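Novice: Okay, here's what each chain looks like letter by letter:
4 protein chains.
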Amino acid sequence: MTSIAFFGLGNMGGPMAANLIKAGHQVCVFDLFPEAVDKLVALGATTATTPELVVKNADVVISMLPAGKHVFDLYLGDNGLVKALKPNTLVIDSSTIDSATAIKTAQGLKSHKIHFIDAPVSGGVAGASAGTLSFMVGGAESNFASAKPLLDVMGKNIFHAGEVGAGQVAKACNNMLLSILMVGTSEALQLGIDNGLDPKVLSEIMSNSSGSNWTLDVYNPCPGVSEGVPSSNNYQGGFMTDLMAKDLGLAMDTAVQSHSSTPLGGLTRSLYALHQKSGNGKKDFSSIFEQFSQKN
Amino acid sequence: MTSIAFFGLGNMGGPMAANLIKAGHQVCVFDLFPEAVDKLVALGATTATTPELVVKNADVVISMLPAGKHVFDLYLGDNGLVKALKPNTLVIDSSTIDSATAIKTAQGLKSHKIHFIDAPVSGGVAGASAGTLSFMVGGAESNFASAKPLLDVMGKNIFHAGEVGAGQVAKACNNMLLSILMVGTSEALQLGIDNGLDPKVLSEIMSNSSGSNWTLDVYNPCPGVSEGVPSSNNYQGGFMTDLMAKDLGLAMDTAVQSHSSTPLGGLTRSLYALHQKSGNGKKDFSSIFEQFSQKN
Amino acid sequence: MTSIAFFGLGNMGGPMAANLIKAGHQVCVFDLFPEAVDKLVALGATTATTPELVVKNADVVISMLPAGKHVFDLYLGDNGLVKALKPNTLVIDSSTIDSATAIKTAQGLKSHKIHFIDAPVSGGVAGASAGTLSFMVGGAESNFASAKPLLDVMGKNIFHAGEVGAGQVAKACNNMLLSILMVGTSEALQLGIDNGLDPKVLSEIMSNSSGSNWTLDVYNPCPGVSEGVPSSNNYQGGFMTDLMAKDLGLAMDTAVQSHSSTPLGGLTRSLYALHQKSGNGKKDFSSIFEQFSQKN
Amino acid sequence: MTSIAFFGLGNMGGPMAANLIKAGHQVCVFDLFPEAVDKLVALGATTATTPELVVKNADVVISMLPAGKHVFDLYLGDNGLVKALKPNTLVIDSSTIDSATAIKTAQGLKSHKIHFIDAPVSGGVAGASAGTLSFMVGGAESNFASAKPLLDVMGKNIFHAGEVGAGQVAKACNNMLLSILMVGTSEALQLGIDNGLDPKVLSEIMSNSSGSNWTLDVYNPCPGVSEGVPSSNNYQGGFMTDLMAKDLGLAMDTAVQSHSSTPLGGLTRSLYALHQKSGNGKKDFSSIFEQFSQKN
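If you read the protein sequences in the order shown, they are chains A, B, C and D. The opening residue of the first sequence carries number 1 in our numbering; numbering runs sequentially from there. The opening residue of the second sequence carries number 1 in our numbering; numbering runs sequentially from there. The opening residue of the third sequence carries number 1 in our numbering; numbering runs sequentially from there. The opening residue of the fourth sequence carries number 1 in our numbering; numbering runs sequentially from there.
Calculated from the structure, these hints are not laboratory results. All values derive from a computational prediction rather than experimental measurement. Treat the hints with care, since some could be wrong.
The list makes no distinction among identical chains, and a pair is therefore deemed to hold if it is satisfied within one copy or across any two copies.
Once the Cα atoms are required to be at most 30 Å apart in a straight line, the calculated DSS-like pairs of lysine-lysine come out as [what the hints assert, rightly or not]:
no., residue 1, residue 2
1, LYS104, LYS39
2, LYS295, LYS83
3, LYS200, LYS295
4, LYS148, LYS200
5, LYS22, LYS56
Hey, can you work out the whole structure from these sequences and the hints?
Specialist: Below you can see the structure in the form of structure tokens.
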């Protein structure tokens, strides 16, 4: 049983904290929205009036925040937790942020003997609730080992990607590739449709050939081809275009910093930016298919 | 036992014809290179001095030729076979050509009561030899049914894509998507490497996440990640860059004619054209990875 | 004074023929729409009931048709004019078609001692009316010289691009580049706007710097920056998106056939195809700016 | 006559400072390389042992540094000049950096009543020496007015782009557009060459048509078309690929932050990254033409 401080109780953080409580851990929670805190307290969490008090007894701190600046400020800002945390505390940041900020945060904490891993997730709200998230972890082997039992409570696939920052890099690479699979599958399906093919038949052929990929096989973007996926539910639910656009921005930041060439990833970023501007930010990211299938 | 005339005995056509002979069919072969003919004759084929004589007793004609103009000319050119073929002959064209030419050829033959299906393949020389090719077939249901037993001899997955031309469209869609998977996977892997990740670890993570796709999972382009793939053999063998470039040209022709938008497919065509110009035409198409991994 | 047969009296062909009449030439016209013929007859043209009769006395034939197949069929189809034309007739095809068809047509006519130049135009309906078109001509030097006096009547800038087909290639190259200038200028302007810049100020800066280009300087796509351009008239008039999409298709055909790498041109083709599908085919091609400037 | 402190005496900063000296201003210089300082001292500059002493009497501070972090640190870092500068000092930062850092620096200085403008340049080493640079300035109108006489000494075209940061945005937009013009012109020219056209003739045609743009008209990337440009001097001199790649990185940072769609700009960033990796970082940026023209 571990004493855990949990910051950020949104769509993802809330159910993640709930799973830790269910597993019998002592969880003290914090969020700017009182309603979010109340929900967790009803499930057995404690809370406190200030971040410093929230971490008072914490052996582990977990954060799930919107962007890099929130993470850095929480730990190392003017009123950062760094002054309140005990030596040897383990910080698990599950926010999706740029790896540079993850590394900078880890370095700032290290000089106070506080351990840090970056552990962004995939799997969406459904995975957070079911405790089946994937975690991509960056950090020292020993810290990964310490965190593993807690990550197992919240997720199913726990990957150790490398040193601090590597979790964020792995997620950026995966989601950039995911966006490419999605756009590529969409334009290939529509090319077939435009030439008279049935998208079900074409999907079947390509899934059993070298065109096989996650978006075609289990998340088909063409309405009517598969059941139980967002494309057959007006693109509701799933992984929002806005979030994909955010992740592609992080991937581009990473690519620019490392002087990496990402022609397809750069292009999907711009196509998802156009898709957002067309008013599709809240739809599932497979709705990019509609850009190709629209009829004049 | 069927009497088959087979035109085009190259790297693909040769072993395909050989499998038909092994299965007990009477095969009369033709090719402009006598050595290619001799090989098949040694295996039990017959031959003849002119195309007209080759098809004299044929119930089925199979062609495996480099481009659309060769196919059209063979059947409908000035000395086209159309005049020599019996009514109700079944023509199976396994060449990879544009669907427009396939449709035009089918129409020309139809007025002479000759049946036509387009049946391009994937699976490479290894698949042709092993009889494990995939066939993507366009044509009437009855013609597909007639051809099926012969295709089963040469291949493993036999798909009926739709009407005449649909086989070519399906192949163009699949190979365009394949090129996108390959380039996307290559740039994602290199982005990880440039940021300190081990490509084996990153491949493992993405293959078990939403980045999963055929090129990452079973044909990894990064040397040293997988065994038994072209990337671990100096990009020898496999599917040549020149052939991928040809198929992408056909996909672009198709997209232009149907006014389809193919941003990623158009871009991979240009990237493969650059890759060819850099002297990599004879390497496996996964060698595009080297464009991203080169070090200045 | 030359005896001219003119085929194709649409938005472009009509005013071109009218200018030849005004200059004193004998012009016999043909079009499938009687109204189009009537207009020219009212200006002094003659006509005839069949294409063969139209060319009866012609020293020069000019054609302005929608696509390559129309051009080839007019001259070399089953009822092609080739049988009716006198030896040494000069054929000037001003249609915008693929260079391969231009070359094939020239070769077919050459065996009957008929001369051919391809002479596609730019300058739009306004240029056709004012006689200020640009002609990009492919053909032998002597044929270019023969055609020059007539082209001078219809246009202002007459370029000799090279052998037969070179006129079409030059136009494809120019219009592909034009589309790149337009999309690039649009995204650069919007990037500035999104970051608080005044598009007038930014246009002024870039026009006086290395970003200077035809679309920025004289055809600005951002409404309100320049007067008297389509963007300040709801994108009415000018050069339609549908026509740019057609020309980009021809450029891609050309690039595929010559194995040329055209990453930006391939991408603008797909972006204009999306723009068409969004219902903008009849708007001026500078309306692509709206894709970037739309507000969610 | 103004008392100026000048930081950063590289290829650009050195000649800029020299022009200020020639114009009669008192210039106190600083650089980490003593040789660079010595050169300016020989021309009449003074120097000092620490940055604080360099700015002791300064009414104006000019900086020309490699990246945003250098600029921020110089003024606002642990030993930042902010503590040494007099109120009402005018800071002119001519470095090319991201606009976010420019804005952050301006804000930090403002609270000490120090004025800031961002004033990145274009025109290269030649322009710096000749005093013919273009300046793109962001900042308050009054500060722009104060700086103008000094900028006039170093440059020819002085643009006021808007508020603080707008100079950097304008430069990012312009150079992104410039890269698009260069790649687009290169692929259009090579498409023509691949189809038999003479690049001189094609350049002449497009320069006089709607393909006209700065890179085609005055900086032609195809060797042998123009004289006195880098392409006719083995791509030596001019504006290095490494610098274009840096500027495209800044443009992408800007686009990501403002959620702007930049399909062509994103693609040219990746193409220039590949070009760098091929070992062309020190060549002029027009050498991207060689990627398209290479012969297998």
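Novice: Decide, hint by hint, whether the structure agrees.
Specialist: Hints, verified against the model:
{"no.": "1", "hint": "LYS104 - LYS39", "verdict": "neither (33 Å within a copy, 39 Å between copies)"}
{"no.": "2", "hint": "LYS295 - LYS83", "verdict": "neither (59 Å within a copy, 44 Å between copies)"}
{"no.": "3", "hint": "LYS200 - LYS295", "verdict": "within (19 Å within a copy, 34 Å between copies)"}
{"no.": "4", "hint": "LYS148 - LYS200", "verdict": "between (41 Å within a copy, 21 Å between copies)"}
{"no.": "5", "hint": "LYS22 - LYS56", "verdict": "within (22 Å within a copy, 65 Å between copies)"}
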